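Based on the hints, put chain P in the right spot on chain C.
Given next are the chains, with one letter for each unit.
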Amino acid sequence: MPVLSIILFLPSVTAVAILLFGRGESGASIARALALLGSAAAFLLSLTLWAGFDAATAQMQFAEAFRWLPSWGISYRLGVDGMSLLYVILTTFLTPIVVLAGFSAVERRVPLYMASLLFLETGMLGAFLATDLVLFYIFWEAMLIPMYLLIGVWGGERRIYAAVKFFLYTMAGSVLMLLAIVALAYLHYESSGEISFNLAHLLRTSIAYENQRWLFGAFAFAFAIKVPLFPLHTWLPDAHVEAPTGGSVILAGVLLKLGTYGLVRFAFPLFPAAAVTFAPWLSLLAVIGVIYGALVALVQPDIKKLVAYSSVSHLGFCVLGICAFTPEALEGALYQGLNHGLSTGALFLLVGVLYERRHTREIAQFGGLAKVIPLYAAALVAVSLSSIALPGTNGFVGEFLILLGTFTGNVPKTTYMAAGAALGVILGAVYMLWTVQRVLFGPVTHAVNEKLPDLTKREQFYLAPVLVLIFIMGVVPGPFLKTFKASTKEFLDRFSKTAVLASLPEADASGRAQVSQILSKWKEDSRSEVASADSASK
Amino acid sequence: MNDLHLFAIYPQITLGLGALLVLGEGLVFGKNRHGLFLITTLVAATFSLAFTILSWKTTANAFAGAVILDPTVSALLAIVSVCTLLGALCSPAYANRHGFEPANYYTLLLFSACGMAFLVSSNDLAMAFVSLETLSVCVYALTGYRTRQDASTEGAVKYFLLGAFATGFLLYGISFLYGATGSTNFSEIATRFAAGNMGPESKFAVIGVGLLLVGLSFKVGAVPFHMWVPDVYQGAPTPITAFMSVAVKASAFGFLVRLLPHTLMGLSDSWVPILSALALLTMIGGNLLALAQRNLKRLLAYSSVAHAGYLLLGVASASKLPDQADAAILYYLLVYSFMNVGAFAVLLTLNSPARERNNLSDLAGLSESHPLLAALLSLFMLALAGIPPTGGFTAKFYLFGAALRAGYTTLAVLGILSSVIGAFYYLRVVVALYMESPTRPVSNDPAASAMAPRGLALAFAVLLCAVLSVELGLQSLPGLGIFPSYLEGLTDFLVATR
Numbered sequence: 001m002p003v004l005s006i007i008l009f010l011p012s013v014t015a016v017a018i019l020l021f022g023r024g025e026s027g028a029s030i031a032r033a034l035a036l037l038g039s040a041a042a043f044l045l046s047l048t049l050w051a052g053f054d055a056a057t058a059q060m061q062f063a064e065a066f067r068w069l070p071s072w073g074i075s076y077r078l079g080v081d082g083m084s085l086l087y088v089i090l091t092t093f094l095t096p097i098v099v100l101a102g103f104s105a106v107e108r109r110v111p112l113y114m115a116s117l118l119f120l121e122t123g124m125l126g127a128f129l130a131t132d133l134v135l136f137y138i139f140w141e142a143m144l145i146p147m148y149l150l151i152g153v154w155g156g157e158r159r160i161y162a163a164v165k166f167f168l169y170t171m172a173g174s175v176l177m178l179l180a181i182v183a184l185a186y187l188h189y190e191s192s193g194e195i196s197f198n199l200a201h202l203l204r205t206s207i208a209y210e211n212q213r214w215l216f217g218a219f220a221f222a223f224a225i226k227v228p229l230f231p232l233h234t235w236l237p238d239a240h241v242e243a244p245t246g247g248s249v250i251l252a253g254v255l256l257k258l259g260t261y262g263l264v265r266f267a268f269p270l271f272p273a274a275a276v277t278f279a280p281w282l283s284l285l286a287v288i289g290v291i292y293g294a295l296v297a298l299v300q301p302d303i304k305k306l307v308a309y310s311s312v313s314h315l316g317f318c319v320l321g322i323c324a325f326t327p328e329a330l331e332g333a334l335y336q337g338l339n340h341g342l343s344t345g346a347l348f349l350l351v352g353v354l355y356e357r358r359h360t361r362e363i364a365q366f367g368g369l370a371k372v373i374p375l376y377a378a379a380l381v382a383v384s385l386s387s388i389a390l391p392g393t394n395g396f397v398g399e400f401l402i403l404l405g406t407f408t409g410n411v412p413k414t415t416y417m418a419a420g421a422a423l424g425v426i427l428g429a430v431y432m433l434w435t436v437q438r439v440l441f442g443p444v445t446h447a448v449n450e451k452l453p454d455l456t457k458r459e460q461f462y463l464a465p466v467l468v469l470i471f472i473m474g475v476v477p478g479p480f481l482k483t484f485k486a487s488t489k490e491f492l493d494r495f496s497k498t499a500v501l502a503s504l505p506e507a508d509a510s511g512r513a514q515v516s517q518i519l520s521k522w523k524e525d526s527r528s529e530v531a532s533a534d535s536a537s538k
Numbered sequence: 001m002n003d004l005h006l007f008a009i010y011p012q013i014t015l016g017l018g019a020l021l022v023l024g025e026g027l028v029f030g031k032n033r034h035g036l037f038l039i040t041t042l043v044a045a046t047f048s049l050a051f052t053i054l055s056w057k058t059t060a061n062a063f064a065g066a067v068i069l070d071p072t073v074s075a076l077l078a079i080v081s082v083c084t085l086l087g088a089l090c091s092p093a094y095a096n097r098h099g100f101e102p103a104n105y106y107t108l109l110l111f112s113a114c115g116m117a118f119l120v121s122s123n124d125l126a127m128a129f130v131s132l133e134t135l136s137v138c139v140y141a142l143t144g145y146r147t148r149q150d151a152s153t154e155g156a157v158k159y160f161l162l163g164a165f166a167t168g169f170l171l172y173g174i175s176f177l178y179g180a181t182g183s184t185n186f187s188e189i190a191t192r193f194a195a196g197n198m199g200p201e202s203k204f205a206v207i208g209v210g211l212l213l214v215g216l217s218f219k220v221g222a223v224p225f226h227m228w229v230p231d232v233y234q235g236a237p238t239p240i241t242a243f244m245s246v247a248v249k250a251s252a253f254g255f256l257v258r259l260l261p262h263t264l265m266g267l268s269d270s271w272v273p274i275l276s277a278l279a280l281l282t283m284i285g286g287n288l289l290a291l292a293q294r295n296l297k298r299l300l301a302y303s304s305v306a307h308a309g310y311l312l313l314g315v316a317s318a319s320k321l322p323d324q325a326d327a328a329i330l331y332y333l334l335v336y337s338f339m340n341v342g343a344f345a346v347l348l349t350l351n352s353p354a355r356e357r358n359n360l361s362d363l364a365g366l367s368e369s370h371p372l373l374a375a376l377l378s379l380f381m382l383a384l385a386g387i388p389p390t391g392g393f394t395a396k397f398y399l400f401g402a403a404l405r406a407g408y409t410t411l412a413v414l415g416i417l418s419s420v421i422g423a424f425y426y427l428r429v430v431v432a433l434y435m436e437s438p439t440r441p442v443s444n445d446p447a448a449s450a451m452a453p454r455g456l457a458l459a460f461a462v463l464l465c466a467v468l469s470v471e472l473g474l475q476s477l478p479g480l481g482i483f484p485s486y487l488e489g490l491t492d493f494l495v496a497t498r
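Keeping their order, the protein sequence lines are chains C and P. Heads up: the first sequence runs through residues 1 to 538, numbered per our numbering. Heads up: the second sequence runs through residues 1 to 498, numbered per our numbering.
With the rest of the complex left out, here is chain P:
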């Protein structure tokens, strides 16, 4: 238990070293070696992914139990690494165009990834809190990176203030839990409550859990703590929006799953009802609020709220069926990463120095001028809506399957009905692409001439997302190789471990 087990944190070390390397390179070679920084970032993320895969089925407890490595952590580490890769691939064209200082940009990106990696593998409340703050501070800064844009600054300030507020709740909750159990270690807290010996101090623990839930609801953007989401998503630079919409979500849900169903299973009577209510509100609220959006970044922001709702339903199910629901959540997070980043990446290819083309009306008639881009964006929208044969369908199938199996029939029915509302606004995008004529002739648009391909990196990101969104739906192709074999162990949610 007290061994150091350094290998358990190789991915995290790689990401952190990468960030330091970019900083150093900036000092040595000057701040504008964009290509160098990008490659360093990609290499760091790739190595982190490689280390994750090398230790795929390893289980370890490192740093006196503060850090843990198990298949769930490995999967989350892989998702974080992949999101970092995709985020970096989406960045160069946009960063160039807006004159970002690249060295700091990539440093922050890698540091936030490092924080996420630590968060998903932390097995200790203090450890989790520090990692959560590391990632949050980096993401606040990245959100405000478009310093010349008011929206970006506004988003960053909102995010920071509300985030700091949520952090207060989180910390307060942690202190209650510590007070009730005398430990910050998840394993010890778990054994403390698993025995069923609920003393008077368990009341404090329940308060702590409630406060923690409030804090984490802010982080994942659950209704009614979702107010910051649309402004931040809209204000942040689009590559950062893409990155954080998937990576922050994945790491926060990783933490939530580790904390609630695994650590506080003994208290599940107190948090499951709250979580179910949150899930219901979030699924319905997110989908309803997205209906009125005309800006695609805001629309995807509310859609991410709705998806957080589905995932919360998964976490609630995990209280009854930990293994199956965990697997479904992980699978959902993976698929969501590809389809969501894909959608943002297509938007990025449409941007030009003159104007960001983020409104639905900008997309009108795109299928005639850019048939491939229109087809890809439609693919991502249909995947987000959960239409087969895309990965979005498979992910929903697993997740709602787990919820049904766990006995949350009403929630599952309401959730899946709310996803029909969701289909409406995803279809709005397809309507604009295929069924409306351009509001202004494309040739007269000064931006149109600049709508050339935005660099290899971005094109690669789009195609990667498209291929994987479909591949994860079909799954029969050998393709990925890593996840299916891993999933064999975990997604057998039907073959219950009774």
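Extracted from the complex, chain C is given alone in its bound form:
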């Protein structure tokens, strides 16, 4: 049974049904019901993937393939491995929650809203599942349209500006990636005589150092915009602030993860020699992002903008983890991606709850809410603790692994990077706790806040799973981390010194010389002692 295709297109089919049947008086309720049904079904189906997943292998599982445009070597090719499994589930998990949150938040043009959400889900899942580069690109780019509509139609005051900025930023990066994809296919054709966009085949191509640098640059640029990596992050605060709650949750929860996912799935493994060249620079940008994001978040008067900048900071951790080339750091980065999806998603949901009641997001408008709406306060405190990585929450596991892995990494100057990022952890605690204190504690400063209703049953219902997961993933990370193991090992095997040099063609002598000079600055491989530290940390 083509289970991946079913999960992938179930949301789209539901969306089409919504557009067809969600008309007239009862259109909104039909749309809501169908959207919930379709997205929940996709979630349940995606759980069967985890149940049937074999964590021992790095192979693509549940793989599907058929020839699509044979003369171009483009095929419809899906698969899931340790890198993508949990992200697929994260996507299908967050979508029904966002649908539920949209029941009250969205009153205008409900069918179109729900349909956009579901089309977006297909786009995101497709990008995670595709193992053919053209197919990946199609989903990656097609995803922009529903997100653009979500921001532009249901967003705040400057929604059109934010929507167009989001679209153009992402597109500028991705068209260059498209050229790089085509160029990569040519290089593959020239060396092998086979025309293919299949990732597994392209991974076997050896590409000259010079070309690797250009192609890696194009791929990394596209993904760095999506992450977003400092200084390409300026679209993010606008998009987040103007997007409706559901849009923000999906944007932070899943879309940004596609950036880091793209790095580990495509940019790094395809061009190992270029990746080791640029990784120190990427980690430098990541650390700047960690600190810069935290500092800017610190001074935001608007809670949503604060959360948006905190995303820049958190995603910096993920990129740092990827660039360290150690198993802990990489697993931590993948894990932190999930954590950020949950905790920042939940933060946006909670901000949305407050906004629905007061129609403002200014921190100064609140204060002392803990007395008025205790359930809400409890939820916000729990999520904030996860966001600042308190031990016992999921955030701790991720950030700890990243910092540990970066400290023990082989890349030169990596300890400084880890130290810088650790500073970001402290700053993170400062802005988050300070915000919680200003919003929840102290006296009730505004009379309007005294009558605020607490979380409704529906809100409790969709927040509860996220909160529960935050603590489960904090206390027993084992089952989650286990799924990454085989794939991270395969990834890192491509970055041993010999493997990196082997990725360059024999003829490219000057490239080999340059790369081996870069690699000579790396510390000797301490993989074995790291592995023991790894097991001790759990």
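EDC-like, lysine to aspartate or glutamate: derived pairs with alpha carbons at most 20 Å apart:
| # | chain 1 | residue 1 | chain 2 | residue 2 |
| --- | --- | --- | --- | --- |
| 1 | C | K165 | P | E436 |
| 2 | C | K305 | C | E157 |
| 3 | P | K320 | C | E190 |
Cβ pair distances, simulated, as ranges:
| # | chain 1 | residue 1 | chain 2 | residue 2 | range |
| --- | --- | --- | --- | --- | --- |
| 4 | P | L414 | C | G478 | 49 to 55 Å |
| 5 | P | A459 | C | T48 | 40 to 46 Å |
| 6 | C | R204 | P | L171 | 52 to 58 Å |
| 7 | P | L474 | C | K521 | 44 to 50 Å |
| 8 | C | L423 | P | L414 | 38 to 44 Å |
| 9 | C | R108 | P | V467 | 29 to 35 Å |
Please keep in mind that the hints were generated in silico from the structure rather than gathered at the bench. None of these values were measured; they are calculated from a predicted model. Note that CB positions come from ideal geometry on N, CA and C, so glycine has one too.
What follows is chain P alone, placed relative to chain C:
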């Protein structure tokens, strides 16, 4: 070589006979039998398409080598026939509303199509020139068909004057080429230069090529010869704008491809740099100029300039990789026909006798009153912007792929970045449709009550364009059947013919 091979020009004959038939019908049955003329036009275009398909993979040299038939010509003939069909389908509602005299209208349409068909299949400079003039004169007349509108007359006069000017350049260039080679036949000119024996006369040929390029740049609307495009597109009756934006472009590019990469390959050192510069200017200029437009017809005019730029890049690539780049250009022209005509056709459905609704502000909030039309127009805009999974994406993918392969990396990067600017103004339309509220309440607009469906023909055209814009993007569906099998032979641009 000297055989007549009449079958090679069956499509052209059909189109010409159709035009004469419409004229005759007008004499016999009176000038206002609109339905009859329309059906005659559609039948003529359909038969022309059918003849093209019947002789799909045939190669022939007819009329002493003046006319050629090969797969590239067949594809161009098919595109011209399809554009004629679409143009005719878009016409009746508009023509009725503006009181056009139908007999002459359809006659001119078919004659211009006949000229295009001859142009794409001509293998001789004189032949090409005559066909180009046939089509141009008909299109000038059609542009000025809204005689009561100043804009239409202005557009027609501008088009005619600048067109005549360009024709002068063209003819002058042809005479230089003839002087340098002693022949007007493409095959003979090609062999003359292919041998690499560049005598002093090749200097004359280079001048000739330069003059030809100027003339043809006018015809395809390349920057800096694009000034007439927005005024003509805006002034012309919308169905004619739709028709000429795709058909004239297709035939002119067909001629350009036949002339430059195939005939004058030997001189490629002289024309490739000019063509690359033109392509770059056109891609960037067209996209930048479109940014400021508030009238959708003008916006699409500048967008067509930008698309001409992408196609010029394709022609430049054809100097290195003739087969692959040709296929990419043909594919682009086909997809462009559907997405562009589709966009104009949606505009046509919004028109009313009282007012043409061509401004962006007229589209505000359309998605609430006319969700289907808004969705279709958005589809065409996204296709023009090259967003997957539409045909616009696939076409750009092939075209820029060919450019990369031919080694024009910088041009390809700049071109694709300029297409990001392009996305901005296409998105402006989607913004208006979905994110802005109507400037005036739709119910108070006298035009709104008349915004009923504009006849079956137009609806059919819109749907056909929509289906094909998507189908050409997905391509896996058996759907069209003709093009994919044909493309198998040609679009294998990756499987290089070394």
